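If you're matching them up, the sequences are chains L and A in order.
Residue numbers are given in full-length UniProt numbering: position 225 of the first sequence equals residue 225, and the series is strictly consecutive.
Residue numbers are given in full-length UniProt numbering: position 253 of the second sequence equals residue 253, and the series is strictly consecutive.
Simulated from the structure, these hints should not be mistaken for laboratory data.
Be a bit skeptical, because a hint or two may be false.
Treat identical chains as interchangeable: a pair holds within one or across any two.
Stated by the list, open to error - Straight line, CA to CA, 20 angstroms or less: simulated EDC-like cross-link-like pairs of lysine to aspartate or glutamate:
{"no.": "1", "residue 1": "Lys432", "residue 2": "Asp19"}
{"no.": "2", "residue 1": "Lys217", "residue 2": "Asp152"}
{"no.": "3", "residue 1": "Lys109", "residue 2": "Glu224"}
{"no.": "4", "residue 1": "Lys281", "residue 2": "Asp436"}
{"no.": "5", "residue 1": "Lys281", "residue 2": "Asp89"}
{"no.": "6", "residue 1": "Lys217", "residue 2": "Asp176"}
{"no.": "7", "residue 1": "Lys94", "residue 2": "Glu125"}
{"no.": "8", "residue 1": "Lys144", "residue 2": "Glu220"}
{"no.": "9", "residue 1": "Lys94", "residue 2": "Asp50"}
{"no.": "10", "residue 1": "Lys217", "residue 2": "Asp88"}
{"no.": "11", "residue 1": "Lys94", "residue 2": "Asp115"}
{"no.": "12", "residue 1": "Lys281", "residue 2": "Glu124"}
{"no.": "13", "residue 1": "Lys281", "residue 2": "Asp223"}
{"no.": "14", "residue 1": "Lys432", "residue 2": "Glu20"}
{"no.": "15", "residue 1": "Lys94", "residue 2": "Glu363"}
{"no.": "16", "residue 1": "Lys217", "residue 2": "Asp19"}
{"no.": "17", "residue 1": "Lys432", "residue 2": "Glu243"}
{"no.": "18", "residue 1": "Lys217", "residue 2": "Glu274"}
{"no.": "19", "residue 1": "Lys432", "residue 2": "Asp148"}
For clarity, every value in this text was computed on a predicted model and none was experimentally measured.
Number of protein chains: 2
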Amino acid sequence: MRSDNPAEIALSNDLEVRDERGLIAQDYFDQVEAAIEQRDRELLLELTQDLHEADMGDLIEAFGPRDRQDFLDLLAEDFDFSALTELDDSLRLKIVDALPNEVVAEGVKELDSDDAVIILEDMEEEDREEILAQLPVMDRIQLKRSLDFPEDSAGRRMQTEFIAVAPFWTVGQTIDYMRETIDLPDEFNQIFVIDPAHRLLGSVSLDTLLRSRRPTKITEIMDETRHYVTAEEDQEEVSRLFERYDLLSAAVVDESERLVGVLTIDDIVDVIHEEAEEDIKRLGGVGDEEITDTVIETVRSRFTWLAVNLLTAILASWVIALFDSTIEQMVALAVLMPIVASMGGNAATQTMTVAVRALATQEIDSFNMMRVVSREVLVALLNGAAFAVLVGAIAGFWFENFDLGLVIGAALVINLFFAGLSGILIPLGLEKLGADPAVASSVFITTVTDVVGFFAFLGLAAWWFGLV
Amino acid sequence: MRSDNPAEIALSNDLEVRDERGLIAQDYFDQVEAAIEQRDRELLLELTQDLHEADMGDLIEAFGPRDRQDFLDLLAEDFDFSALTELDDSLRLKIVDALPNEVVAEGVKELDSDDAVIILEDMEEEDREEILAQLPVMDRIQLKRSLDFPEDSAGRRMQTEFIAVAPFWTVGQTIDYMRETIDLPDEFNQIFVIDPAHRLLGSVSLDTLLRSRRPTKITEIMDETRHYVTAEEDQEEVSRLFERYDLLSAAVVDESERLVGVLTIDDIVDVIHEEAEEDIKRLGGVGDEEITDTVIETVRSRFTWLAVNLLTAILASWVIALFDSTIEQMVALAVLMPIVASMGGNAATQTMTVAVRALATQEIDSFNMMRVVSREVLVALLNGAAFAVLVGAIAGFWFENFDLGLVIGAALVINLFFAGLSGILIPLGLEKLGADPAVASSVFITTVTDVVGFFAFLGLAAWWFGLV
Numbered sequence: 001m002r003s004d005n006p007a008e009i010a011l012s013n014d015l016e017v018r019d020e021r022g023l024i025a026q027d028y029f030d031q032v033e034a035a036i037e038q039r040d041r042e043l044l045l046e047l048t049q050d051l052h053e054a055d056m057g058d059l060i061e062a063f064g065p066r067d068r069q070d071f072l073d074l075l076a077e078d079f080d081f082s083a084l085t086e087l088d089d090s091l092r093l094k095i096v097d098a099l100p101n102e103v104v105a106e107g108v109k110e111l112d113s114d115d116a117v118i119i120l121e122d123m124e125e126e127d128r129e130e131i132l133a134q135l136p137v138m139d140r141i142q143l144k145r146s147l148d149f150p151e152d153s154a155g156r157r158m159q160t161e162f163i164a165v166a167p168f169w170t171v172g173q174t175i176d177y178m179r180e181t182i183d184l185p186d187e188f189n190q191i192f193v194i195d196p197a198h199r200l201l202g203s204v205s206l207d208t209l210l211r212s213r214r215p216t217k218i219t220e221i222m223d224e225t226r227h228y229v230t231a232e233e234d235q236e237e238v239s240r241l242f243e244r245y246d247l248l249s250a251a252v253v254d255e256s257e258r259l260v261g262v263l264t265i266d267d268i269v270d271v272i273h274e275e276a277e278e279d280i281k282r283l284g285g286v287g288d289e290e291i292t293d294t295v296i297e298t299v300r301s302r303f304t305w306l307a308v309n310l311l312t313a314i315l316a317s318w319v320i321a322l323f324d325s326t327i328e329q330m331v332a333l334a335v336l337m338p339i340v341a342s343m344g345g346n347a348a349t350q351t352m353t354v355a356v357r358a359l360a361t362q363e364i365d366s367f368n369m370m371r372v373v374s375r376e377v378l379v380a381l382l383n384g385a386a387f388a389v390l391v392g393a394i395a396g397f398w399f400e401n402f403d404l405g406l407v408i409g410a411a412l413v414i415n416l417f418f419a420g421l422s423g424i425l426i427p428l429g430l431e432k433l434g435a436d437p438a439v440a441s442s443v444f445i446t447t448v449t450d451v452v453g454f455f456a457f458l459g460l461a462a463w464w465f466g467l468v
Numbered sequence: 001m002r003s004d005n006p007a008e009i010a011l012s013n014d015l016e017v018r019d020e021r022g023l024i025a026q027d028y029f030d031q032v033e034a035a036i037e038q039r040d041r042e043l044l045l046e047l048t049q050d051l052h053e054a055d056m057g058d059l060i061e062a063f064g065p066r067d068r069q070d071f072l073d074l075l076a077e078d079f080d081f082s083a084l085t086e087l088d089d090s091l092r093l094k095i096v097d098a099l100p101n102e103v104v105a106e107g108v109k110e111l112d113s114d115d116a117v118i119i120l121e122d123m124e125e126e127d128r129e130e131i132l133a134q135l136p137v138m139d140r141i142q143l144k145r146s147l148d149f150p151e152d153s154a155g156r157r158m159q160t161e162f163i164a165v166a167p168f169w170t171v172g173q174t175i176d177y178m179r180e181t182i183d184l185p186d187e188f189n190q191i192f193v194i195d196p197a198h199r200l201l202g203s204v205s206l207d208t209l210l211r212s213r214r215p216t217k218i219t220e221i222m223d224e225t226r227h228y229v230t231a232e233e234d235q236e237e238v239s240r241l242f243e244r245y246d247l248l249s250a251a252v253v254d255e256s257e258r259l260v261g262v263l264t265i266d267d268i269v270d271v272i273h274e275e276a277e278e279d280i281k282r283l284g285g286v287g288d289e290e291i292t293d294t295v296i297e298t299v300r301s302r303f304t305w306l307a308v309n310l311l312t313a314i315l316a317s318w319v320i321a322l323f324d325s326t327i328e329q330m331v332a333l334a335v336l337m338p339i340v341a342s343m344g345g346n347a348a349t350q351t352m353t354v355a356v357r358a359l360a361t362q363e364i365d366s367f368n369m370m371r372v373v374s375r376e377v378l379v380a381l382l383n384g385a386a387f388a389v390l391v392g393a394i395a396g397f398w399f400e401n402f403d404l405g406l407v408i409g410a411a412l413v414i415n416l417f418f419a420g421l422s423g424i425l426i427p428l429g430l431e432k433l434g435a436d437p438a439v440a441s442s443v444f445i446t447t448v449t450d451v452v453g454f455f456a457f458l459g460l461a462a463w464w465f466g467l468v
């Protein structure tokens, strides 16, 4: 406790790894870079040997591609593979792909099962098999079982190292067992109770164990497990369970209710982060892009979304083209029409954002669905009315045409009504169909508000002014 | 373990509280509602007494306003206030405001300090003082101290109940102390070591304690605390620390380095959720809105954002108005111009989404900033070129005018370039100015892409075709 700042970690040579904002410190980074440039392996080891895997991960992300490669080459067999689990998926894959399979096998050997799975799961089938073949047989069997579970399932994320005891043991026996066993998991906060067929009976938290007297039977202090997870379950569902019941860890069982692993909250924190990030990125139309992706990868991943957007923009243009002679006779319509479309787009985005989040956090259910939908429609109509007056007045004065103000006001009410309705119904519909409401909502919604906006405004104008 | 589904919890009367999707089960809900309608307090108690606070919270959120009030009136003093901590902020405030202060004081008495703070912090000053005055003096002092810390600080979120021992104690003494003390915190996974002045020296995790022999001195197994938190620190920084180092709990110290509380991962999980939710909502222009807000609250909160959007839309209209005679002579321009603006808006949103997330997770730092900016510009130019060809060809064929295709292609490259540049520079600039990049980015960015898009397309067309 020599420093006022919790994020600062002192190394033996008194160099701070992170600055006051929690980022990798410039001074430290410069020294590491100098060591790389001078190919000074000894200095590099000294600088990095005490790093937490998270600090090591951030350091690797801070390097440019060349420094990164040199850094790994210099550390060679002293590089701790656990740092790889802290990296973006795409960067991790890039690094692992560049290493010889034997080196990866050696590195993976040292890891907990859940960390090893993270490194292996994204690799090419062939490389993965080659690496698995070089692992001790027990490790290989455990890892293969984890990898056989679906992507993003509890079975993939679980740790297969845990402590399980028999129900007839006493507290004393259990404590002695833990004192004598060397090969325990690194950290744990509960022990599990299983029957002879390895079926989960319950669990005992460490604080309960500590507070109980030695002769107490485990069954007396055991909690019957209310919240456990099946290995096939999706990580998003699992994270909801953790959040809902404030769990620190949960048992994972297979289809025969046998205990096969344990999920801990630190893995779940990553999942919560991933899922929220996924929603934000999908709403923004950028897929699984990471900041470390190359230019070409990024161009490709964004192209699809822009292409979809182009189709909807062309549809909107086609609607405008229906009224080309109207516009020719009254060019003020061309000037004002983006206002109608843009207000609708914004109102729909607001509704959609709330709807997508509420669906992701299960805040919308059959009990409140009708209430939520009618609330959105009412909000849309009220804001529609307010902006109809505002925009109508502005347009009326601008073009000294009171009728034009009336027409744009009416078009705004219509478009904001459809914006509210589609902003809530499209996400609900996509969820019902089993699609992710975040991924496709914004493109559908912009289409609706553009098409309705242009059609309502230009159509009303053509009819009102008789310009067909 | 009678059920295959981990989310299903059996009550004594064999009624499932949640369905297979993890939502409150319709059958259960109907029974509760019937009990409310029949004002059958006994049945209601039986139905709800075993509920976890999270289940109780979701049940309350599922009710309509009238049922909610009746439910609380019927349960009266048997209502467990911890369920309130599971509700949306605005709904919780509404419920607490409707209850007499004496009832709230009674309810708060039973809670852990961190839960009590959540209920008290949003109340009117006057009500809060009245409630605090009715609490036991020790509780009052602790709560007041927590409430004196800034909003969203570690001091607000921390639990003031923890176990701290002296460094010269042995493992045996510590275990005996825990066995004999009744008033321990409900759950804990580490104990702290303090000096006589209450300054934090270190911590011992429960698994280490369990694995050590009774005569072992605490100092021998104590970890010097590397990661701790000051009470004034913002919860977002704290959550980064938890995530980075996979912490389960962290000590909170005051300005004199005295141990004042403990933060646990379950509170941090809520923070992570809140912060991600805040980003999503700000990007979508909906502020702190909750699904339980009333229509009027929602209209008001969304109005501001729509009004800002109106200003930018009027600016774009003004740009179009500069070229009204051009459009009059060539109405195809009015038909095509939304395509240029919309593609730019989308490309900018993509860049901005990645930038805002990367800033929130500190993935952008001084080491990679230049690399990130030039990557975005390059991506924008490449996609700009691709869509210039595509859109140019479409426009050329549609209006049988090859020159129009050239003009729209050039306008697209220009707009996508500015889209990429503003998509990355505006968030970076806002962050530099100390503003939240998420809150204002999208409005600035749409303004840029609309204005540049219309100006580039119409301006180029006016010049190329000589239509001024």
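Taking the earlier hints as the rules, which of them does this structure contradict?
2, 3, 8, 9, 10, 12, 13, 16, 17, 18 and 19
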